[in-house]
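*Asks:* With the hints as extra help, turn the sequences into a complete structure.
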Amino acid sequence: MSYNHHEIDAKWQSYWETHKTFKTPALGDRPKYYILDMFPYPSGQGLHVGHPKGYVGTDMIARYKRMRGFDVLHPMGWDAFGLPTERQANKEGIHPKVVTDRNTDTFRKQLKKIGLGYDWDREIATSHKDYYRWTQLIFLKLYEKGLAYQAELPVNWCPALGTVLANEEVKDGVYVETGDPVEKRLMTQWMLKITAYADALLADLDTLDWPESLKEMQRHWIGKAEGARVTFQIADQDSSFDIFTTRPDTLFGCSYCVLAPEHALVPQLTQTGQKAAVEAYVEAAAKQSERERMTEVKKTGVFTGSYAINPVNGQRVPIWIADYVLANYGTGAVFACPAHDERDWDFAEAFDLPVIEVVQGGDVHEGAYTGDGPHIDSEFLNGLNIAEAKKTIIAWLEEHKHGEGQINYRLRDWLFSRQRYWGEPIPIVHLEDGSVVALSEQDLPIELPHLDDFNPTADGQPPLARTGPEWREVTLPDGRKGLRETNTMPQWAGSCWYYLRFIDPQNSEAPWDPTLEKRWMPVDLYVGGTEHATLHLLYARFWHKVLYDLGMVSTKEPFQRLFNQGKIQARSFRDGRGKYYYPQEVESRTYTSAKGETQDQWFVKGTETLLETRVEKMSKSKHNVVTPDETIEEYGADALRLYEVFMGPLEDNAVWQTENMAGVRRFLERVWRLYFPEKAVAAQDEIPEDLDRLLHKTIQKVSQDLDEIHPNTAVSAMMIFVNEATKLGYLPTPMKGVFARVLAPFAPHLAEEFWASLGHSESIALADWPAFDPEKTIDRDIELPVQLNGKLRGVIVAPVGADEATVRAIAEGNEAIQGHLEGMQIVKVIHKTDRMLNLVVKPA
RNA sequence: GCGGGUGUGGCGGAACGGCAGACGCGCCAGACUUAGGAUCUGGUGCCUUCGGGCGUGGAGGUUCAAGUCCUCUCACCCGCACCA
0 MSYNHHEIDA KWQSYWETHK TFKTPALGDR PKYYILDMFP YPSGQGLHVG
50 HPKGYVGTDM IARYKRMRGF DVLHPMGWDA FGLPTERQAN KEGIHPKVVT
100 DRNTDTFRKQ LKKIGLGYDW DREIATSHKD YYRWTQLIFL KLYEKGLAYQ
150 AELPVNWCPA LGTVLANEEV KDGVYVETGD PVEKRLMTQW MLKITAYADA
200 LLADLDTLDW PESLKEMQRH WIGKAEGARV TFQIADQDSS FDIFTTRPDT
250 LFGCSYCVLA PEHALVPQLT QTGQKAAVEA YVEAAAKQSE RERMTEVKKT
300 GVFTGSYAIN PVNGQRVPIW IADYVLANYG TGAVFACPAH DERDWDFAEA
350 FDLPVIEVVQ GGDVHEGAYT GDGPHIDSEF LNGLNIAEAK KTIIAWLEEH
400 KHGEGQINYR LRDWLFSRQR YWGEPIPIVH LEDGSVVALS EQDLPIELPH
450 LDDFNPTADG QPPLARTGPE WREVTLPDGR KGLRETNTMP QWAGSCWYYL
500 RFIDPQNSEA PWDPTLEKRW MPVDLYVGGT EHATLHLLYA RFWHKVLYDL
550 GMVSTKEPFQ RLFNQGKIQA RSFRDGRGKY YYPQEVESRT YTSAKGETQD
600 QWFVKGTETL LETRVEKMSK SKHNVVTPDE TIEEYGADAL RLYEVFMGPL
650 EDNAVWQTEN MAGVRRFLER VWRLYFPEKA VAAQDEIPED LDRLLHKTIQ
700 KVSQDLDEIH PNTAVSAMMI FVNEATKLGY LPTPMKGVFA RVLAPFAPHL
750 AEEFWASLGH SESIALADWP AFDPEKTIDR DIELPVQLNG KLRGVIVAPV
800 GADEATVRAI AEGNEAIQGH LEGMQIVKVI HKTDRMLNLV VKPA
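662 is the number that numbering that gives the first Met the number 0 gives to position 663 of the first sequence; each next residue is one higher, with no gaps.
Calculated from the structure, these hints are not laboratory results.
Mixed in with the good hints, there may be bad ones.
[To be verified] Here are the computed lysine-lysine pairs in the DSSO-like style, where the Cα-Cα straight-line distance is at most 27 Å:
1. K108 to K616
2. K170 to K286
3. K108 to K140
4. K555 to K90
5. K517 to K128
6. K555 to K517
7. K90 to K480
8. K678 to K726
9. K544 to K31
10. K831 to K790
11. K555 to K544
12. K128 to K480
13. K112 to K10
14. K566 to K578
15. K544 to K192
16. K400 to K223
17. K604 to K619
18. K286 to K223
Keep in mind it's a predicted model, so treat the numbers as computed, not measured.
*Replies:* What follows is the structure, encoded as structure tokens:
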């Protein structure tokens, strides 16, 4: 390896640091470009090569935009509050703050070694009181607007973590991060009324330049359903219940009603004879975990003994309870039309309930028919299709006061409190009289008190209940006394607004200056993984909309354009007993089976131990982690950067193979030799026309690829150019400065070295992006494919822009083509200038 | 089941409806060399009777021309999943 990357990497990283090369002017005359990475959670594991894939991509674009004349805001910080840190601290017997500082130091060091051009003066951490005082302020604003409230409701309780979790954090009955099981518990918790913004969150998705798949995920999560609320009277009782349905047109097909087992009316509806069965069912449903409830395939339920009156025709229908009806969606009760709803059909079949067809088009004895068709046996709906019938029945329900049209959302309010220590204290006081008051802005920050033991208390109270009276007890200015809230905010709180703090990170008077907010918002490009689709990205949009309504921000949406970088995985090796091996412990050998078939197989080096190999997420336990530090040590930061993006499209997943870094390293070596040749080369000033043309094409291609976030093909274009220059034997002197600037966003350390060697004293990061001459991207002569009946028969050389007659004459003079034309007559000629010539022929 | 996406050499991947396989890895050959995991040059989809034929998961279709557009179908990945 001919160039010393250790020396060059260190030299320029220290130059950037001392010269503050990437410092962003708060206000300036140039157009702004705010490009943001999803900031990391600083775990104890440090970074592996998968983490910086997105960071490298944004760094290239940020450097490119800066050279193109933008003021670029490209900051980095830490999502520093959270449970994993608390657990790590517990394990090591040290304080979470110490762990957080140590972890962020590691992360920062690792990021700097990659040569990422962040404005480090803007670094923030959500766990600093200078930051979270503003998180608390936003909470107060939410509270004042009635968007934060306490409620007793069934919540997701995770015993392993000792805390409740939000809906969005639970999937298949387990916590998405750790896989620990979650159970339902009735608890009083802080909630944020995200449902008040359901419609805006849904509608404004259309204005965003986000991947369609991600928008779909949010749309589905919000889950807008248009239908009707219908009131059913209970027979022989002076009471009623409401149901929600999206198919009010099938009310004439109702054969029974179902309430969720948790429904408040269940005790009242249960008739003596059914009491034992109902109570047993309710109890069993309560005990069952979410997971068990979901994996159950057969429908279960119990008849209550009571009947409801169908408002459309006065018929008595039995009321059942069943766990296929969810307590926390709609009204927790449904009317069942087995003929036209699959779930109701399954239930009706299991309990032998009647199936009444009201929409024609299917065979309702075979299964539910959910398609469209004319209504029958439905009085005034007969003959109408679904859409018409819905409209008619809703008008009828409203006229007769039996219900009304209603829109329902799948989205639930956000459970916002956690029974943990390492999070933002909630600025609330519980008074002696049982009432709750919010503290005022002047009281902030409510500092997280130091605790040596930050486990929940023995009687199950949150860790902050361990604090002494000096923190816990509060006397308000008016003399009333109370105790501080001991729940803390979830990890998502800090990341809901960090992109705003980056705009004005040191402001001690306000969370941000409105002038600066107007200057920088919205984020022009936000890059991160898809795993936050219905978590961070939904929560942050919600907060932003509240801030917009409060007049604190000037845009309706925070992240105008979103890009999801793909994940990086790595091969893992495991023997028959499940033991994992490091890549350096294994080897690939050709293995010949008894049948004589050969195939490549992996073995433990020097042994006959056969290994199974899989592509998996990088993880210490699987022995397949590759760190940026080790690859930089061997190949240099620029090679790592190039390989991160050269593996494939930035949005695609990829499998890491350190061996393949040799290719990009070779490319860098070749570039190095063009700038610092081993042997003196004569005639370096002469510019061959072909190479000049190629240079202009390269600038064009690289510019376009960076605009479109295709760094992989940009690298490929630079390789083509360098290969040509290498063939020529030298890079003409006038081109050296130009190509160095093209290379600068990708391999900034080398580019700086080249730039300095050309006599420049300022960083290449601040140089202008080279312009290309469109004239020079056009070839003089081109190779034109000639087809006969659509089949390629030859390639001719023609002047650029040649007309059909010229091209045809050359083609007909071409020996290879002549052969094919023999005995044929040309019936049609298709000529696309500079693209191709197709002669349609038939036997003469 | 519903929604979204992906299928191209030995491998990662390129291709405004117009020369399929750019670029890179790997492999083969050669050059230079105090054999080195260095560098440079050339080659490398498959079959072939050396004319050519066949090739982008599969089957049809549109078109002078299809990896690209349309219909059907198979496989895999991701998200959601009793939301009435």
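*Asks:* Confirm or reject each hint.
*Replies:* Results of checking the hints against the structure:
For the hint linking K108 to K616, the alpha-carbon distance of about 23 Å falls within 27 Å, and the restraint holds. The straight-line distance between the Cα atoms of K170 and K286 is roughly 19 Å, inside the 27 Å bound, and the hint therefore holds. For the given pair, K108 sits about 37 Å from K140 by alpha-carbon distance, which is inconsistent with the 27 Å threshold. Proximity of K555 to K90 is assessed by CA-CA distance (about 43 Å); at most 27 Å being required, the pair is judged violated.
For a cut-off of 27 Å, the pair hint linking K517 to K128 stands: about 25 Å separates their Cα positions. Straight-line distance between C-alpha atoms of K555 and K517 comes to about 12 Å, which keeps the hinted pair within the 27 Å bound. At roughly 37 Å between alpha-carbon atoms, K90 and K480 are farther apart than 27 Å, so this suggested pair is violated. Distance restraint check for K678 and K726: the Cα-Cα separation of roughly 15 Å lies within the 27 Å cut-off, and the hinted pair is therefore satisfied.
With a C-alpha separation of about 23 Å, the suggested pair K544 and K31 falls inside the 27 Å cut-off, and the hint holds. Taken as a hint, the K831 and K790 pair is honoured in the structure, with Cα atoms around 16 Å apart against an allowance of 27 Å. Simply put, K555 and K544 have alpha-carbon atoms about 6 Å apart, close enough for the 27 Å limit, and the pair holds. The straight-line distance between the Cα atoms of K128 and K480 is roughly 25 Å, inside the 27 Å bound, and the hint therefore holds.
Between K112 and K10, the direct Cα distance comes to roughly 11 Å. Compliance with the 27 Å bound is thereby established for this hinted pair. About 25 Å separates the Cα atoms of K566 and K578, which keeps this hinted pair within 27 Å; it holds. With a C-alpha separation of about 12 Å, the suggested pair K544 and K192 falls inside the 27 Å cut-off, and the hint holds. For the given pair, K400 sits about 24 Å from K223 by alpha-carbon distance, which is consistent with the 27 Å threshold.
Straight-line distance between C-alpha atoms of K604 and K619 comes to about 21 Å, which keeps the hinted pair within the 27 Å bound. Between K286 and K223 the CA atoms are separated by roughly 30 Å; this puts the pair beyond 27 Å, and the hint is violated.
In the structure shown, a violation is registered for the earlier hints numbered 3, 4, 7, 18, in ascending order.
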